[in-house]
Structure formats: C-alpha cells, structure tokens
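These protein sequence lines are chains A and B, in that order.
Counted from 1, the first sequence has number 315 at position 315 by this note's numbering; the numbering is strictly sequential.
Counted from 1, the second sequence has number 1076 at position 76 by this note's numbering; the numbering is strictly sequential.
BS3-like mimics (lysine-lysine), calculated; alpha carbons at most 25 Å apart, straight line:
| # | chain 1 | residue 1 | chain 2 | residue 2 |
| --- | --- | --- | --- | --- |
| 1 | B | Lys1229 | A | Lys406 |
| 2 | A | Lys205 | B | Lys1078 |
| 3 | B | Lys1355 | B | Lys1287 |
| 4 | B | Lys1078 | A | Lys242 |
| 5 | A | Lys355 | A | Lys373 |
| 6 | A | Lys72 | A | Lys310 |
| 7 | A | Lys406 | B | Lys1231 |
| 8 | B | Lys1260 | B | Lys1234 |
| 9 | B | Lys1234 | B | Lys1355 |
| 10 | B | Lys1286 | A | Lys406 |
Hints in this document: simulated from the structure, not taken from any laboratory.
Bear in mind that the values here come from a model prediction, so they are computed numbers and not experimental data.
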Amino acid sequence: MRTLTHTLHSPAGCRNAHASHLQHPQSFHARRLNRAQRPASLQICCQAVATGTPPVKEGTSISNGAAKSKSKKISPEVATTLYRDMVLGREFEEMCAQMYYRGKMFGFVHLYSGQEAVSTGIIKAMRADDYICSTYRDHVHALSKGVPSRGIMAELFGKKTGICRGQGGSMHMFSKEHRMLGGFAFIGEGIPVGLGAAFRVKYQKDAVGDESADQVCASFFGDGTCNNGQFYECLNMASLYKLPCIFVVENNLWAIGMNHPRATGPSEGDTAPAIYKKGPAFGMPGVLVDGMDVLKVRQVAEEAVERARKGLGPTLIEAETYRFRGHSLADPDELRKKEEKAAWGARDPIPQFRKYALDEGLLTEQQIKDIDKDVQAEVEDAVQYADESPKPEKGQLLENVFADPKGFGIAANGSYRYQSPGFHSGNTAAID
Amino acid sequence: MQALLRLSRQGGSLRQIQSSGLSVAFARAYASHELTVRDALNSALDEELARDDSVFVLGEEVGEYQGAYKITRGLLQKYGAERIRDTPITEAGFTGIATGAAMAGLRPVCEFMTFNFAMQAIDQIINSAAKTLYMSAGTIPVPIVFRGPNGAAAGVAAQHSQCYGAWYSHVPGLKVIAPYDAEDARGLLKASIRDPDPVVFLENEILYGQAFPVDDKVLDKDFVLPIGKCKIQKEGTDITLVGFGRCVGHNLKAAAELEKAGISAEVINVRSLKPLDRDTIVNSVKKTHRVLALEEGWPQCGFCAEIIAVVNEECFDDLDAPPERVTGAEVPMPYAANLEAAALPTPADVVKVAKRMLGK
Chain A
1 MRTLTHTLHS
11 PAGCRNAHAS
21 HLQHPQSFHA
31 RRLNRAQRPA
41 SLQICCQAVA
51 TGTPPVKEGT
61 SISNGAAKSK
71 SKKISPEVAT
81 TLYRDMVLGR
91 EFEEMCAQMY
101 YRGKMFGFVH
111 LYSGQEAVST
121 GIIKAMRADD
131 YICSTYRDHV
141 HALSKGVPSR
151 GIMAELFGKK
161 TGICRGQGGS
171 MHMFSKEHRM
181 LGGFAFIGEG
191 IPVGLGAAFR
201 VKYQKDAVGD
211 ESADQVCASF
221 FGDGTCNNGQ
231 FYECLNMASL
241 YKLPCIFVVE
251 NNLWAIGMNH
261 PRATGPSEGD
271 TAPAIYKKGP
281 AFGMPGVLVD
291 GMDVLKVRQV
301 AEEAVERARK
311 GLGPTLIEAE
321 TYRFRGHSLA
331 DPDELRKKEE
341 KAAWGARDPI
351 PQFRKYALDE
361 GLLTEQQIKD
371 IDKDVQAEVE
381 DAVQYADESP
391 KPEKGQLLEN
401 VFADPKGFGI
411 AANGSYRYQS
421 PGFHSGNTAA
431 ID
Chain B
1001 MQALLRLSRQ
1011 GGSLRQIQSS
1021 GLSVAFARAY
1031 ASHELTVRDA
1041 LNSALDEELA
1051 RDDSVFVLGE
1061 EVGEYQGAYK
1071 ITRGLLQKYG
1081 AERIRDTPIT
1091 EAGFTGIATG
1101 AAMAGLRPVC
1111 EFMTFNFAMQ
1121 AIDQIINSAA
1131 KTLYMSAGTI
1141 PVPIVFRGPN
1151 GAAAGVAAQH
1161 SQCYGAWYSH
1171 VPGLKVIAPY
1181 DAEDARGLLK
1191 ASIRDPDPVV
1201 FLENEILYGQ
1211 AFPVDDKVLD
1221 KDFVLPIGKC
1231 KIQKEGTDIT
1241 LVGFGRCVGH
1251 NLKAAAELEK
1261 AGISAEVINV
1271 RSLKPLDRDT
1281 IVNSVKKTHR
1291 VLALEEGWPQ
1301 CGFCAEIIAV
1311 VNEECFDDLD
1321 APPERVTGAE
1331 VPMPYAANLE
1341 AAALPTPADV
1351 VKVAKRMLGK
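Given the sequences, and given the hints that come with them, work out the whole structure.
Now the structure itself:
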C-alpha cells in the first residue's frame, strides 16, 4: 500500500503520458483544479488534459514505487491486435445503432463507443482461459474476449444463430467457450459472479491441489455501481480471500443522467470523488488510469493480471473514460453538455492510438487502411449473417429452463410434463 | 461415514462409530436407527463433500462456529477452511460468489442463516442463478444449493418468521425442496447437491432437533431420493391432506385425530414444491374425492392456491366437495405468543375444516 500511495501522487506519469502521444485543446480549463493534495506540476498537466469535465488525474503503476512515465513498448503484432479490437468495437456498436433505428434490434441497447480503450486494454492483456464478467453494456467486452461478431449480432437480432440462441439479448451475452460469464442487467450483479469465478480458480489450487490453476477474472462495471453495496461486499471478500480478480471501474462520469460527483462523495480531504481510493481501504491497490489511452490501460492491466496470477490478490482499477452516446439508444441524452461531449470526443482513444502507432512506426498507413477495411467487412458480414439467420423455433421456448427437464414436474398422467407433445413450444396443454 | 456404512450394512456396534471420530450424538442416533433432521442434513453434507471435491459449503458461521444451527458441525475440522468457508455478513456478496463459482464449475452449498436473510440476495438467486442457464442457451449450468431454515420459528417475530416456498416456486429454473423428516432431509439434500440445477432447500428450524426412525437404506452413503416426487406419508380413503415441511407433521396429527372420528385421511408430503408431482396428488384426489391443502405461508398466490388449481385443472369432476385450504394468517408474524399461535395453522384447524368438508 505504501508503494501505491507513493505512485498515486507522482505527477510525472500523468504529464509524460499525455505529453507523449495525446494532443488536446489547450483552451479548456479544468473545473476541479483545486483537488486536494495535487502537486503543482500535476495541475499543469491537468490543465493540458482537462476538457471541461473532471480531468484525468494521475497515471500510475501498481507494481513498483516509480510511476511509469512512458508506456511499455509494444510490438507491431500487439499494436495490430489493439488497434483492430478497438476499431471492431466502435464499428460494431455504430452498426448496432443503425440496426436499432432500422428496427432490427429492440429493447434496451447500451453502446460502448468511446470506452474501447478499456475493454481492449484490459481484456487483450488477459489469456483466453481467463474469465470476464460484464454488465448490460457488454457487446464490446464479448468481442474483445474473442466471441465472434456474427454470433453477437445474431443475438442482437434475436436469431437462433445468436450466441445465446436469442434467449439472452443485448444485455445478456454469455459464452462458456470464451469464459464470458455475462451480461448482467442489474447494477453490481456481475461483480460477485466474477468473484465466484476467481474463487473457483483459487479453490482448484488450494482445495483440489491443481497447481496449474492460475486464471484471473476481470469484472467490469461503471461509476454508478460503486455506490451499490455489492461493490463494497466484494472488495472486502476479494481482499479477505486474496482472490485472483480485477475490479475494473469504467468511470464514464454519468450513471444514466446522474453526474458522478452528484452521486458519489469525495474521500476525506478531497473535494471530488475518487473511486480508486477505495481500493487501499479494502487492502488492495487502487489505480487510476486514463481510460482513453489503451496503452496506459494495458499497462495497469498487465500488472494487475500478474499480481492476481501470482496469488497476490485483487486490484481495483478506475479507468476514466466517456461514452460518446447516451446511456442507451432510448436515452435522449439531454443532460450532458455539448462542450463536455466535444472535449471528450477530442480524446477519442482510436485516433489517439492510430497516431501513436504511426509515429512509433508500429503500423503503416496502408496497414491501418487494411485493418479498417477488414473490420468494416467483418461487421457487414455479421449483419448479413444475422439478417439471413432463422428466428428461433417455437419449440425452443421452454428449452434450457432446467438442465434437467424433469424440473417441469410430473403431469397428472404420471409422465414428466416435458415429455408431452409440443411441451417445449409453450405451456399450452391447458389451452389446447 | 465409512463407519456409518459399516453399521448400516453389517449392524456394527456403537464403539465402531465412536472410534471413527463421529460425535457421540451421531453415534447414538444411528445406533438406535433414529436420526434427527439436523444429523441427517449434517451427514448428507459430509458424504457429498467426501464424494466430490467440487462441493463446498459457504455462509455465515458455517466453519469455526460450526453452524448457527449446528448443521455444519464437524465439517470444518474434516474438510478445512477452503471447503467450509466462513463468510462475512454479506448475503448479496457471498450468494453472488457462490453463483459465479457454480457457473465456473464448482458445486456450492450456500447456507443462509435463515431464508429471511436471503431476501438480501434474492437478486442473485433469481436473476443470476435461476436464469443463467436459459440466458446462456443451456451452456452455463448453475449447480448450486441454497439452504437454510425457512418459515416460522418461535417467538422471533415478523422479520424472522416467513415462508418462502411460494416465492421461489414461482421462478422458472429453480427447484424448490422442503424436507419433512430425516429421510427427506438426507435423501433430498444429497440429491440436491448432485442436481445440475439451482435448488432452494427450505429447512425448518423447529424440525432440526426432531428425531425420526430411519431404516438401513436411508443411512447408506448412496441413498438419494428423487427430486420431484411426492411421498404418500399415510394412506387413506376419505380426504387428501396436502402439505410440505412442518405442515406434514400437522397433517399427520390431524389424520390421527380424524381417525378417531371415523375419517380416513391420506397425507401427502410434497417434499418437492418444484418440480411438482401432479400425478401423486391427482391420483390421491381421484381416490378420496376431497382435498385440503395446508401451508404456514400467506394465502394469496400461495402453495395451497397452486394445489387447488392443479386439482381443478386435472380432476375437477372427481371432487365431491370444493377444494379447501388452511394457511397462515395474512399478517406479519406477531411477537406475542398468543398472537403468533393465532397466526399459524394448527392440526386442530385441519381437523375442523376436514370434518366440515365431510359433513361431520
């Protein structure tokens, strides 16, 4: 913890991180330059970054005493992966908006545009056999985890070929194969579920004696959730049991229409809320990271994953980010100011990383064009696939309610109800 | 449990059991072939923990304290703190952890100190545990047992005396079990732990200390009862009394009383509220032509309402009297002993209504 506290207040990380590859308008003034304990140099940094909203505060490292001022060098392969994943997330979500307005998908659809650096930065630092657990804003987490875009789009279209056969929908993406454990619509609901997966890993190691069990689980949730009791219950138990998990707060500043400082009180001595500071209170590192910078996110993710894998316990990561669209496609988005949106829009993680990759010679213009084209083709293919896919059959209606279909009980004639002809098409026996 | 097996298969001595390290109380119960519900639950947990290392127990006070109602007595010493996991007082958190662990491949037994406290985790039980298999198109099962005492205890008033049978029975994807005696408790808890679906296992605090006679086969470590079947606890010809949990005892007492008045009552133990065994209930009613359902819970949309609906749907023409129900009063449980007694159904209530239904 001492190490952490030290690094959290180190100004160097922030300034250099942003100076290195971000370009921001200088004309905006930070609203909250009076943050307690902020070193003068950091305020300068914030002025440079701040864009009419709570600024990104401190870059940090959880693994040692020195804040890492520059992101670790990445290979061209990694740059390709990160870039492609972020572009895929964006293109997919923008296509969802179009399809929603054309009536191809329905209900609540919450888009992730603007937050891609978090999903990509965290999940691409994890292994295929690691777990993730998400919220109702889950399409892009699923994509980053490797769930095929065709299956996700078909799910959104309510088709039989969807990853959950049309039984889950936008807010409930599950993939056993990709260790994606949902997809939960209630605030905070997925946090303990993710913790349960981490519990299983530790159980395999400690109770069953499987030394190879070293998977990690990352649970994603928003700033609004951090005022919910389950968050605190889980911080405590994760730390108490030293579970291999990562709490990823995607602080996009708005819980539907509730601005973060209107919902969350500041820590002692502060004037603005800081979710990451709740980590040390529960015995784990709390890390604040620029959630619009995929490399910064990746760096803290790598360290958190390593910590968890080594059995050193959980980490709380607060990624400051912004959603470029309303809470859901049904949200008129009237409360967020135009200036605020424009300012965060200027920090779009995708052009930022594109520029970095070009400047560093990790990707060429041609490669970027090829990736963009490839992603567009993938998303269009996903739409075509979803559109042409059949709807679920009526006979699917009552399937998958129980793993053991005897769960529907015994009929008056002594046979199991599920054995009655047409039973799975609906409980029509009394009607027909 | 190996010692228990020896006893049940070879008629072994008390000393054999004591030498195995089992508690004296257990040994006494087994030796006389009487078993309390508490020991039945404890031995079921013990055997399933021994049988499958993906089974673990978590909850408040399950470990060092040996269980708030001593259901987990001795298990921490035998299986260690990793498998008998004490949790903080955080129902939403630990129920969610148990659910996630089940989704990831373990078989948790999640103990609630009472089901009243499970209200704080009802989102995890219904939204996370019961619905995940369906939402994941059948790919992610949630094999988990939520267990603990349910229903009215004694003198613990409004927030600790409530029956959740009807609540959980309402939910697709959940199985709801309510054992009455030691045989039920052993056979159904073992079956629940082995079941692939989430099971809500509703025990009754007042029955924990009650001893029931059990035969050798019940003590066998492979003894399991099928989930989803009713048991005809007592055969009869004139009226069918339907109930679960402690109400089965009330119905048996009522049946004994009715016998004195020349009425032969059949008592059905609905040990599985969901799945519901319509067959046994309907066949009984076809024989007796009368049905009286009993529950401690509140009347509206309750267990009795469901039983009466089933009878109406399946064998209305066989009825010689309107189906009736006796339920708990529609009131939060009062504290004062006389008011509490007035809020709960008794065997005398059953006798009274049954006699009326038979015109006696």
